[in-house]
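Undergrad: As you go down the protein sequences, you meet chains A and B in turn. Taking our numbering, the leading residue of the first sequence gets 1, the next gets one more, and so forth. Taking our numbering, the leading residue of the second sequence gets 96, the next gets one more, and so forth.
Treat the hints loosely; a few may be bogus.
To be verified - Listed next, with one range per pair, are the computed distances between beta-carbon atoms: (1) A:17 - B:97: 46 to 54 Å; (2) A:4 - B:111: 38 to 46 Å; (3) B:201 - A:67: 37 to 45 Å; (4) B:247 - A:90: 41 to 49 Å; (5) B:240 - A:4: 21 to 29 Å.
Derived by calculation from the structure, the hints in this document are not laboratory data. Just so you know, these numbers come straight off a predicted model, no measurement behind them. Quick reminder that beta carbons are idealized off the backbone N, C-alpha and C, glycines included.
Chain residues, written in single-letter form:
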Amino acid sequence: MSDNQGQLWEVFVQKKSGQPFVHCGNVHAFDKEMALQNARDVYTRRNEGMALWVVLSTAIVASSPEDIGSFFEPANDKIFRHPTFYQIPDGVGHM
Amino acid sequence: MDTAKFEEVFEAKLAKNDFIEPKDWMPENYRKHLIRQVSQHAHSEIVGMLPEGNWITRAPSLRAKLVLLAKVQDEGGHGLYLYTAAESLGISRDEMLNALLTGKAKYSSIFNYPTLTWADIGAIGWLVDGAAIMNQVMLQRSSYGPYSRAMVRICKEESFHQRQGYESITHLAFGTPEQKAMAQDALNRWWFPTLMMFGPPDRESPNSENALKWRIKRETNDQLRQRFVNQTVKQVEYLGLTVPDKHLKWNEAKQGYDFSEPDWDEFKNVIKGNGICNKERLASRNKAHSEGAWVRAAAEAYGKKQPEKEAA
Ligand SMILES: [Fe+2]
Ligand SMILES: [Fe+2]
Chain A
1 MSDNQGQLWE VFVQKKSGQP FVHCGNVHAF DKEMALQNAR DVYTRRNEGM ALWVVLSTAI
61 VASSPEDIGS FFEPANDKIF RHPTFYQIPD GVGHM
Chain B
96 MDTAKFEEVF EAKLAKNDFI EPKDWMPENY RKHLIRQVSQ HAHSEIVGML PEGNWITRAP
156 SLRAKLVLLA KVQDEGGHGL YLYTAAESLG ISRDEMLNAL LTGKAKYSSI FNYPTLTWAD
216 IGAIGWLVDG AAIMNQVMLQ RSSYGPYSRA MVRICKEESF HQRQGYESIT HLAFGTPEQK
276 AMAQDALNRW WFPTLMMFGP PDRESPNSEN ALKWRIKRET NDQLRQRFVN QTVKQVEYLG
336 LTVPDKHLKW NEAKQGYDFS EPDWDEFKNV IKGNGICNKE RLASRNKAHS EGAWVRAAAE
396 AYGKKQPEKE AA
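Work the whole structure out from these sequences, hints included.
TA: What follows is the structure in structure tokens.
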């Protein structure tokens, strides 16, 4: 008989309806229902959320910190993606 | 990249007050230091449930019982946050639990003292959680991201712990003479063990230097201890109780109290396993763990039978 704590799950919580789900931590559980119940007990004892997602940690794909530079590089030289790049004449009101 | 380059990136992050995340490169000793510190912290939360759990069935009112239950449940949650933070460093939950259950791992010496009266429960919330908060507020800015985030969450919950303890002690201190005597007796027994919670004095603290260099800790044991005493004395005075230290004295020059050091030989002895309750605590943890074995086995078998097999 094995004796372990189950698999690791990532927990995401939505504070209020309409807001994004934000990662808040992990739980161990043996199936998805138990993962949800554990997440509720561990992370929402004080109404911290109205909705929860749980995802097996092994299902998360993450960017690797070593190539942060090159991976996000395409965004660096495109200042024209920001509104402040553009000149708008005075007197036309808020835009 | 070679190691020297990795090390440079790591040092640069520390210098910028950036956080180190689980997948970032980190020196092996940094990882080891954190695994030890975070797992010990987790064990302390879990073992810390025992002295208070001991009084749940004997709480003097329904309100007191509800509050104590909620507090002890929070401590269990704190243990879980911290175990997962430690797991992100590459140690398994089973490995940590094993180290605790076999007596190889350490936990805070404070939980090896007995809770003899109801006043002890108030004293623990007020003093022990108070000292823990002081340490944990500092650790919110610890350099390891998952540890820091766990601390932010824990600190939010801790303030209720300290307040409920102080409220409970207040009732006793302003109650009958017998109740007041109980409160004083609890303060007498918990004062020095609480001061020990900050760890050995700086002059003989072997792990402090690295912990500060790596920004795992931001302040020294003695700095935190001094701040705790400064803050707590007026709380004692309000209660009309007396700090059990005849050398306690306001020092105008340092704008803080002078106070006696705890008995460091006693501290070392408790850490070594010879405190009043070390054996009892370990036995209780082992009993709870083995009595829960069938639940884990059943949950695992059930998980494997789920149609989608996500957790299989
Ligand atoms: Fe705690
Ligand atoms: Fe607490």
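Undergrad: All hints are to be evaluated individually against the structure, with a verdict given for each.
TA: Tested hints:
no. : hint                     : in the structure
1   : A:17 - B:97: 46 to 54 Å  : 50 Å, holds
2   : A:4 - B:111: 38 to 46 Å  : 39 Å, holds
3   : B:201 - A:67: 37 to 45 Å : 39 Å, holds
4   : B:247 - A:90: 41 to 49 Å : 45 Å, holds
5   : B:240 - A:4: 21 to 29 Å  : 26 Å, holds
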